[in-house]
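Given the coordinates of chain A, work out where chain B should sit on it, guided by the hints.
From first to last, the protein sequence lines are chains A and B. Residue numbers for the first sequence follow the numbering used here, beginning at 1 and rising by one. Residue numbers for the second sequence follow the numbering used here, beginning at 1 and rising by one.
Don't read these hints as lab results, they were simulated from the structure. Certain hints may be false.
Unchecked claim - In silico lysine-lysine, DSSO-like type, Cα no more than 27 angstroms apart, as pairs:
1) A:Lys470 x B:Lys32
2) A:Lys122 x B:Lys174
3) B:Lys174 x B:Lys32
4) A:Lys93 x A:Lys470
5) A:Lys291 x A:Lys23
6) A:Lys291 x B:Lys505
7) A:Lys405 x B:Lys612
8) B:Lys476 x A:Lys122
9) B:Lys505 x A:Lys405
10) B:Lys505 x A:Lys23
11) A:Lys93 x A:Lys169
Stated by the list, open to error - Computed footprint of chain B on chain A; a stretch qualifies when at least three of its residues, placed anywhere within it, have a C-beta under 8 angstroms from a C-beta of chain B:
12) 28–38
13) 113–125
14) 170–181
What the hints assert, rightly or not - Computed from the model, here is a short list of chain B residues facing chain A with C-beta under 10 angstroms:
15) Arg66
16) Trp69
17) Leu474
18) Lys476
19) Ala511
20) Val539
21) Ile543
22) Ser585
23) Leu588
No experiment lies behind these values; they were computed from the predicted model shown. Don't be surprised by glycine CBs; every beta carbon is placed ideally from N, CA and C.
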Amino acid sequence: MTAKTRDADTTRVPLWRNVTVLKWLAQIATVAVVVLLFMWLFGNFSANQEGGTSPFSFRFLNEPAGFQLGEGFTLTPESGAQALMVGIVNTFKVALLGILMATLLGVIVGISRLSSNWLVAKFATSYVEFLRNIPLLVQMVFWLALLTLLGKLTADTGPIPGFLITSSKGVAFAFVVPAEGFFQWLLFVVAGIVAARYVKRWRRRLRDETGNETHELSWALGTFVAIAGVGLAIHPLVGPLRHLWGALESFFVGLPVIVFQVVLAVVALLAAALWIRRFLASLRTPAGMAKLTDDDYYRIVFAGAVGVVGAVAVFMLDEVAQTLLNGAANVFGGLESAYHAAAGWPIVWSQPVLNIAGDQGQFVTYGDGGVVFTPAFLGVFIGVTLYTSAFIGEAVRAGILSVPKGQTEAGLASGLTRTQLLRLVVLPQAFRVIIPPVGNQYLNLAKNTSLGIAVGYLEIVGVGQILAAKIGSRASMAVIWMGFYLAMSLTFSAMINWYNRRSLIVER
Amino acid sequence: MTSLGPTESVLDAERESPPQKVAIGAFDWMRKHLFSSVFNTTLTVIALLIAVFVTRGIAGFIFGDRPKWGSVTENMRLYMTFGYPPEQIFRVWLSVGIVFALFGLTLAAWGGGNRVSANRLASSVTKLGGTLVALALVTGPFPILWDDAPLSLRAEIIMVVIGFALGGLAMFHKARTEEQPERTISRTGILAGSVVFFIAFIWLLQVPTPMLDADGVYSEPLAPLATTTTWPWTLMAVIMMVFFLLGGVFVDRRGEERLRSVLVASWLFSYPLIVFVILRAPDIDWNQFWTRDIWIVLGFVVGGGLLLLLVADPERPERGRILSLGTVVLAIAMFWPLSIGGLPRNLMIVTAIYMLVAPSFAAKGAMKRTLANWVAVVLIASFFMIAMDTEMILQISKESFLGGLALTIILALGALGLAFPLAILVALGRQSRMPIFRQLSIGYVELIRGVPLIVWLIMAIGLFGFFVPTGVELDKVIRVLVAFTIFWAAYLAENIRGGLQAVGKGQTEAAEALGMTAFQTTTLIVLPQALRLVIPPIVGQVITSFKDTSLVAIVGVFELLNIAIRSIPAQTVPTSNFTFIGTVSENLLFVAMVYWVFTYTMSRSSLRLEEKLGVGKR
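Excised from the complex, chain A in its bound form (with noise of 0.2 angstroms):
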């Protein structure tokens, strides 16, 4: 053995003991095992399909779709794209006010946990254990069961009449709503919010030059609140911006196909050309460009094969790009019949009414006002949030203990009060803790709410599977949940990194 490995120090290494080639064949034999393992998958697939339609078919995307939704901003969906919509909708309704309310009730749980008053700790260490050891489809199942329970809706339903209406068929209440001119005003709002930040930047920076207190964030919210206030008296002002919408929408009408299809692929192979190219930035050195590893060789190979399969993939998947163009086409379309210059209030308060029918007045459901929340959505909604916000308490009462008891002691001493400290210096700190964690959640909360298909919340997969049994096929369904949610992941985990490098010490 010795000897042989003198030998190899003067002699050249034979191939079959070159540690590089050996590598790159093992990798190379696995990538060929995976490959044919998914052509042997692909091959049992489309050997039972024979006969039927082609099964990676989006074709139903741009079909009637000819079925009733139970929820949603329509219940009559004019195609399958519009019935996906539908869904995810649904997702991002319950997804979004789920992560509000378990931030809230987490938040104070976490801050409970650490209380010093006994009985407040103990109850919030009861309330995460129960809740984060029972299944979140338990608990959701059991919300549903409980929500049956609740009366029959009658015309005198309480607790409040024509204020707060809870009964089997689910909870009304009177609440803001957007009305006629809301999206003209949705304008004024992002241009307040635009206008805020600069405002912010320009107080920061004055106070960073003078030293003295320029009270910023005050600034901002009167600068968003003041643009988004007058905007509710002139929003009729913008109006006319609806020839706009209607050109736009009469471009992507007209548009062919083939030239979105050929835009989409140049984007997808310039977005791949510039990577390279930034890479090959990030490795030239004052003193010329640095020698190219295998490795790197290998990430520009794939960069490159990345941005030429998006391409070729854009022109085979036609139907789902025609969906993107209607859909674009819609979105003009909509905003454009939404753009008045006469018209009303953007939001209104508005009351829960009830339409009584039959002859005694027995089929009571509930009308067009006020906001309705379904049997359905509520199990949801409560299962998720109350099940994320044990999860949330828990990283919170983590942030918060991360924090040193001498940055506590120190901020006492210094004379803060109780609640100065945990604003000044507890909090800020412990927010670099919670965050990471919390954004993990909010993921799992957003992902959670797939599970409403178990008590008929019509989300993403409960509208597929909707799809697929109609007018759709299972494969092509699968393959659009699975998009939807690893964007959803993707852009999240994208959240969570930005912040996260945002917000590390800044260190000399």
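Relative to chain A, chain B alone:
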């Protein structure tokens, strides 16, 4: 140790006398922890009101008129084993017995000699008594505050008396041991006490038992458990105690280490034994076994053994590599073009895997052990392969062979067990310096974790059939098992990656400097340290997985939840003696309790394990 410096001895002296505890009375304690300020007092009052309201609400539901608890007690067998034939129920008890026996031995092997501080036990007993009294006062009738209460006055008085008795017992103990506070109780004592308590409990327990009187009116009088429940459980408890004592004897004679290694193997072996042999009850064709199978097995034992002599020869490593690659090629050829199925092909796969690994562990003195391992692997593998490949004796449909809690446990453990090796591979791939391996692993983990489990399960049920060759039928349980395995492997891989990152680079470099191969470095140096670090997160994953099994209810597999919300509420007289239509909330409460007991126990033991391992403290 004779020349202790002055500082050290002072430190030691300080350590020996703990700081004096200042005894505070209940009143002082309450003032400090509940009423220290106006704000605190307000909080206390609000929390107290919420606690009382919630407790009374839950108790009001449990003891109220509406729920039919008979739907839980009457259907207990359904919950536990679903459609398993009642006349074959001894197979279930045998399985439970094996698990309890192993559990008893495990308790003996890990900390059988541990002692628990009597004071800590006393304080737990005090807490238990206090909780009982509080519960009784809140849920029972209370003069002035409330008259109608979920709990009867009799039950309230009994609970208060028991609570005060427990508290008094602990106080008595505390007063008696004021002088020597370090008294301890042995594990054996505690376990024996628990077993006696458990047996007494199940014999005295009274549960609502459904009854129909002559007019067909339903009622639920309290009645003791049936003897078909009490006797087996008594036996199980005794078995656990007996094996705990036997384990203690074994530890005394042969040492803990020996018992531990035997136990690890036994636990691993018990899973397929219980699922494929005891519960599945294969109808093995002995005639075919003696005329055909035995020769195949012997052929593999002898042929593989001879091959092993060549493969695991440390003097000729290259020949070994080529031969082991040859076995892999042969195993692949078994699928195509030879297309030989059944036992020979499956044993060939085992051979190929063994031969691939064997050269890496080749050493001069190890040949005897390698050969012995080989014989054991072939015999055990063929036993299970033959057992799995035969029809069942039981006359039940495939769908209901497993169900209920049994399915939940078997599914969770089986998928986790299969996911674990896959997860190690993926985690290693993600840490690898080879870009394709890394990219494949990252792609796998991100793709799997990015999409919710329920979508994978729906796809497993709806699409799996299309991806296997025409004619292959897989039942639902196998499909969800595959989906769980693939899904959990991605999560486990991320946990294991954390451990791999935590192992110092110096470890790898030192191993390389000693001349170990990459494979040896990974399996003998890096993985053992990494896996030890990630035990707590892995227990967390086990808990999550256990809860996740409830999702199979959505795709129509009858585990606990599905039985609670679909089977039982649909029961009518022809399928059961009673109708339990619409009994959803009581069933769900029961199921939630079962899940809670399991997961809470696991998370508590994981905390204890964490303390014991001292992870994060080294």
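Comparing the hints with the structure gives:
1. A:Lys470 x B:Lys32: With Cα atoms ~66 angstroms apart, lysine 470 of chain A and lysine 32 of chain B exceed 27 angstroms; violated.
2. A:Lys122 x B:Lys174: Holds. Lysine 122 of chain A to lysine 174 of chain B sits at ~25 angstroms (cutoff 27 angstroms).
3. B:Lys174 x B:Lys32: 23 angstroms, holds
4. A:Lys93 x A:Lys470: 25 angstroms, holds
5. A:Lys291 x A:Lys23: 20 angstroms, holds
6. A:Lys291 x B:Lys505: 26 angstroms, holds
7. A:Lys405 x B:Lys612: 26 angstroms, holds
8. B:Lys476 x A:Lys122: With Cα atoms ~43 angstroms apart, lysine 476 of chain B and lysine 122 of chain A exceed 27 angstroms; violated.
9. B:Lys505 x A:Lys405: 33 angstroms, violated
10. B:Lys505 x A:Lys23: 21 angstroms, holds
11. A:Lys93 x A:Lys169: Given that 27 angstroms is the threshold and the Cα spacing comes to 19 angstroms, the pair holds.
12. 28–38: Since three or more residues must qualify, the claim that chain B covers the stretch 28–38 of chain A holds, with 4 doing so at under 8 angstroms.
13. 113–125: As far as the stretch 113–125 of chain A goes, the hint holds, because 7 residues have Cβ atoms under 8 angstroms from chain B.
14. 170–181: n = 0 at 8 angstroms, threshold three: violated.
15. Arg66: This hint holds: arginine 66 of chain B lies near chain A, its Cβ roughly 8 angstroms from the closest one there, short of 10 angstroms.
16. Trp69: 15 angstroms, violated
17. Leu474: 13 angstroms, violated
18. Lys476: 16 angstroms, violated
19. Ala511: 17 angstroms, violated
20. Val539: This interface hint is violated because 13 angstroms lies over the 10 angstroms limit.
21. Ile543: 8 angstroms, holds
22. Ser585: This hint holds: serine 585 of chain B lies near chain A, its Cβ roughly 5 angstroms from the closest one there, short of 10 angstroms.
23. Leu588: Holds, because the Cβ-Cβ distance from leucine 588 of chain B to chain A comes to roughly 5 angstroms (cut-off 10 angstroms).
Of the numbered hints listed earlier, those contradicted by the structure are 1, 8, 9, 14, 16, 17, 18, 19 and 20.
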